[in-house]
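All chains should be built: construct the whole structure from the sequences, respecting the hints.
In order, the protein sequence lines correspond to chains A and B. The numbers in this note's numbering rise by one with no breaks, and the one at position 368 of the first sequence is 368. One gets this note's numbering by counting positions in the second sequence from 1 and adding 378 to each.
There could be a bad hint or two in this list.
Computed spacing ranges between beta-carbons, pair by pair [stated by the list, open to error]:
hint : chain 1 : residue 1 : chain 2 : residue 2 : range
1    : B       : Q603      : A       : D248      : 45 to 51 Å
2    : B       : N458      : A       : A311      : 56 to 62 Å
3    : B       : L658      : A       : G165      : 47 to 53 Å
4    : A       : F230      : B       : G454      : 29 to 35 Å
5    : A       : G165      : B       : K550      : 16 to 22 Å
6    : A       : A205      : B       : K550      : 29 to 35 Å
With a Cα cut of at most 30 Å, we get these calculated DSS-like pairs of lysine-lysine [stated by the list, open to error]:
hint : chain 1 : residue 1 : chain 2 : residue 2
7    : A       : K207      : B       : K532
8    : A       : K207      : B       : K624
9    : B       : K431      : A       : K168
Here are some chain A residues the structure puts well away from chain B; computed CB gaps all over 12 Å [to be verified]:
hint : residue
10   : D167
11   : K222
12   : D281
I should point out that these hints are in silico values taken from the structure, not numbers from a laboratory. Note that CB positions come from ideal geometry on N, CA and C, so glycine has one too.
Protein chains: 2
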Amino acid sequence: MRPLLALALLSTSFLPLLADDAKSASSNVPRAEYPKVHADGKVTFRLKAADAKKVQLQPGGSDNGLGAKAFDMDRGDDGNWTVTTPAAVPGFHYYWFVVDGAIVSDPGSETYFGWGRQCSGIEIPEKGVDFYDVKDVPHGEVRALWYHSKVTGKARRAMVYTPPGYDKGTDKYPVLYLQHGAGEDERGWTTQGKANFILDNLLAAKKAKPMIVVMDNGYADKVGQQPRGFDFTGFEAVLIEELIPKIDATYRTQADRDHRALAGLSMGGMQALQVGLKHLDTFATIGAFSAPPGNQFDVEKSYGGVFSDSAAFNKKVKLLWLGAGTAETRFADGLKSMHTALDKKGVKHATFESDGTAHEWQTWRRSLHDFAPRLFQE
Amino acid sequence: MRPLLALALLSTSFLPLLADDAKSASSNVPRAEYPKVHADGKVTFRLKAADAKKVQLQPGGSDNGLGAKAFDMDRGDDGNWTVTTPAAVPGFHYYWFVVDGAIVSDPGSETYFGWGRQCSGIEIPEKGVDFYDVKDVPHGEVRALWYHSKVTGKARRAMVYTPPGYDKGTDKYPVLYLQHGAGEDERGWTTQGKANFILDNLLAAKKAKPMIVVMDNGYADKVGQQPRGFDFTGFEAVLIEELIPKIDATYRTQADRDHRALAGLSMGGMQALQVGLKHLDTFATIGAFSAPPGNQFDVEKSYGGVFSDSAAFNKKVKLLWLGAGTAETRFADGLKSMHTALDKKGVKHATFESDGTAHEWQTWRRSLHDFAPRLFQE
Chain A
1 MRPLLALALL STSFLPLLAD DAKSASSNVP RAEYPKVHAD GKVTFRLKAA
51 DAKKVQLQPG GSDNGLGAKA FDMDRGDDGN WTVTTPAAVP GFHYYWFVVD
101 GAIVSDPGSE TYFGWGRQCS GIEIPEKGVD FYDVKDVPHG EVRALWYHSK
151 VTGKARRAMV YTPPGYDKGT DKYPVLYLQH GAGEDERGWT TQGKANFILD
201 NLLAAKKAKP MIVVMDNGYA DKVGQQPRGF DFTGFEAVLI EELIPKIDAT
251 YRTQADRDHR ALAGLSMGGM QALQVGLKHL DTFATIGAFS APPGNQFDVE
301 KSYGGVFSDS AAFNKKVKLL WLGAGTAETR FADGLKSMHT ALDKKGVKHA
351 TFESDGTAHE WQTWRRSLHD FAPRLFQE
Chain B
379 MRPLLALALL STSFLPLLAD DAKSASSNVP RAEYPKVHAD GKVTFRLKAA
429 DAKKVQLQPG GSDNGLGAKA FDMDRGDDGN WTVTTPAAVP GFHYYWFVVD
479 GAIVSDPGSE TYFGWGRQCS GIEIPEKGVD FYDVKDVPHG EVRALWYHSK
529 VTGKARRAMV YTPPGYDKGT DKYPVLYLQH GAGEDERGWT TQGKANFILD
579 NLLAAKKAKP MIVVMDNGYA DKVGQQPRGF DFTGFEAVLI EELIPKIDAT
629 YRTQADRDHR ALAGLSMGGM QALQVGLKHL DTFATIGAFS APPGNQFDVE
679 KSYGGVFSDS AAFNKKVKLL WLGAGTAETR FADGLKSMHT ALDKKGVKHA
729 TFESDGTAHE WQTWRRSLHD FAPRLFQE
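In structure tokens form, the structure reads like this:
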């Protein structure tokens with residue numbers, strides 16, 4: 001079949017034909033019927049695999065809102081395998097299928113870079129919650145900014161949110177540097193996290209100060225350096241020596257520490273703490289989403305002993321923000337123990353708990369929604 | 379395993395260990411070894427599917443540079459299935475695997491929206507050709523612009539290339555509206571096509587005029603309208619009534635027909651011809667990449683008879699550009715017949731042939747590289 005004809009047919013197929021209360025997930029590609037989300041939060045997945053012996057749905061991660069274990073799918077007479085899960089936790093969940101041992105994406109899903117590859121993902125609406133929806137309010141732009149890094153010897157891409165009206169105005173803006181988690185990349189905060197819509201909506205409601213948000217790739221191996229897990233020296237060099245000067249040279253920024261924040265989720269939160277607390281002449285605000293160090297935290301010694309003189313710390317730092325989901329026990333416990341130690345030491349900080357969510361994007365959307373309005377208040 | 383630990387391990391695995399002349403494809407996700415491209419253009423694909431009975435590599439489309447037919451893959455003792463294809467045509471090729479009847483993406487590949495879903499894709503370098511590489515030259519930005527469409531009743535996203543220096547200057551720029559093909563979306567021209575790097579490189583070499591390039595989604599169903607293949611009435615209304623006014627209100631544009639072009643590939647080229655030639659008060663330049671109408675073309679009657687008065691057409695239109703790849707016979711033949719008819723009628727136009735390439739992105743990269751320098755010359 002000729003490609004144009006095939007595509008013409010394709011473009012009119014896969015129309016949703018849903019007889020019940022279920023809706024095709026908003027995370028699907030256009031016109032893909034499955035997966036679909038039922039009114040009660042259950043999810044039905046489907047994959048055509050006519051000749052497969054075994055097909056499973058695998059949620060991504062041990063505390064995924066779809067559950068932890070793989071679901072066996074059932075084969076129908078038409079070669080489609082289906083499964084309906086118990087009610088899922090609201091938010092965004094990575095998943096994939098396992099077809100006779102092969103880890104594969106769902107052709108019906110848009111793809112989302114996580115787990116070091118392009119994964120399927122499903123969006124489960126949260127009833128009554130619309131702070132990350134795309135609404136008919138003024139929208140900022142998300143810009144792909146390419147820059148050349150001498151540190152890594154490679155071209156890199158950062159995503160940059162500029163607030164509504166940026167192009168028409170002459171104001172200078174504060175900047176939030178906002179990092180993704182391990183296995184994700186610079187696309188995560190907007191594609192999965194909807195950070196741009198969260199900011200758009202906060203700004204429309206005048207609940208946050210207009211700001212630029214810079215989302216870089218958190219992986220940066222120095223020239224000749226082999227990739228190592230959680231070694232942030234390359235990223236630190238890129239951020240301090242290359243990215244911040246590039247951003248300040250490219251955009252109308254308020255280029256001083258009072259108007260610069262560093263935050264991130266999971267690995268990005270570790271970076272915010274490790275790199276940010278080391279560079280308090282660069283950042284006055286630090287946010288760690290689902291990244292408290294837990295039992296390893298020593299209020300006197302951790303992070304170069306930055307908390308040991310709490311008076312000096314409190315004078316210098318405008319905001320230290322720590323958050324976690326209540327369902328990600330390790331991080332929730334880490335948050336509590338760090339909070340207790342900081343309180344005892346007299347280190348000012350803010351904490352946030354996301355009720356019922358785990359190490360997932362709903363925790364981080366809510367974290368940003370709590371964190372952003374606190375930023376850059378004089 | 380806890381997610382952070384799993385991801386830490388993940389981040390240091392999959393390091394390329396290539397003993398021969400082959401290199402991991404630039405279209406792979408970071409650290410994925412396969413697919414890999416050999417010096418002679420052969421490609422080795424690999425997928426782990428321990429329990430599968432049959433695994434095939436399927437090139438996307440009948441004139442794909444990997445070939446047309448599915449390749450059977452061979453199972454190794456480790457559960458990995460591999461195949462090495464004959465030398466591939468340079469450029470970008472969609473592909474997927476078929477695992478016991480399931481159409482699935484390659485976890486090693488970045489994903490590319492085509493064929494109505496997220497597909498795998500492989501980049502085959504063309505020797506001595508670097509016009510679409512990311513080089514150390516000033517880069518424009520690619521901006522995601524969200525806007526609300528009354529025509530479709532939905533939020534839409536257009537990708538907007540602004541040339542290097544846009545933010546710092548006060549100049550106004552001409553605008554090229556550049557559309558993707560069927561089954562693709564507004565991301566195609568930059569992700570697959572590398573349009574931004576093509577423009578960056580042309581501008582650095584002073585071979586093109588600085589311009590804004592707007593890449594919208596070509597699918598637009600009016601409120602209440604069911605999707606229909608190649609019905610462009612919704613897109614026409616969005617483009618003329620909503621997108622162009624939005625672009626002219628948002629960016630520093632030269633907002634007149636002389637400084638506005640409409641072009642596209644395949645379905646996008648059909649849109650450029652059908653919509654553009656109908657709106658010559660809006661566009662002075664039209665470019666159709668791999669979209670000539672072939673035998674149906676009637677120089678007197680087609681496109682509302684716009685060519686019937688060639689003198690008037692020549693006076694009004696600054697550039698009509700038509701191109702195709704020599705290996706996409708249907709379109710190459712269509713190009714020749716349209717060219718002959720237009721010549722006979724005395725209608726000025728430019729033609730372009732991409733040597734040895736088919737209905738694929740290499741044809742369209744080369745088309746843009748030929749087309750863009752001709753634009754907005756006074």
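- request: Hints the structure violates: just list their numbers, smallest first.
  value: Per hint list: 3, 9, 10 violated.
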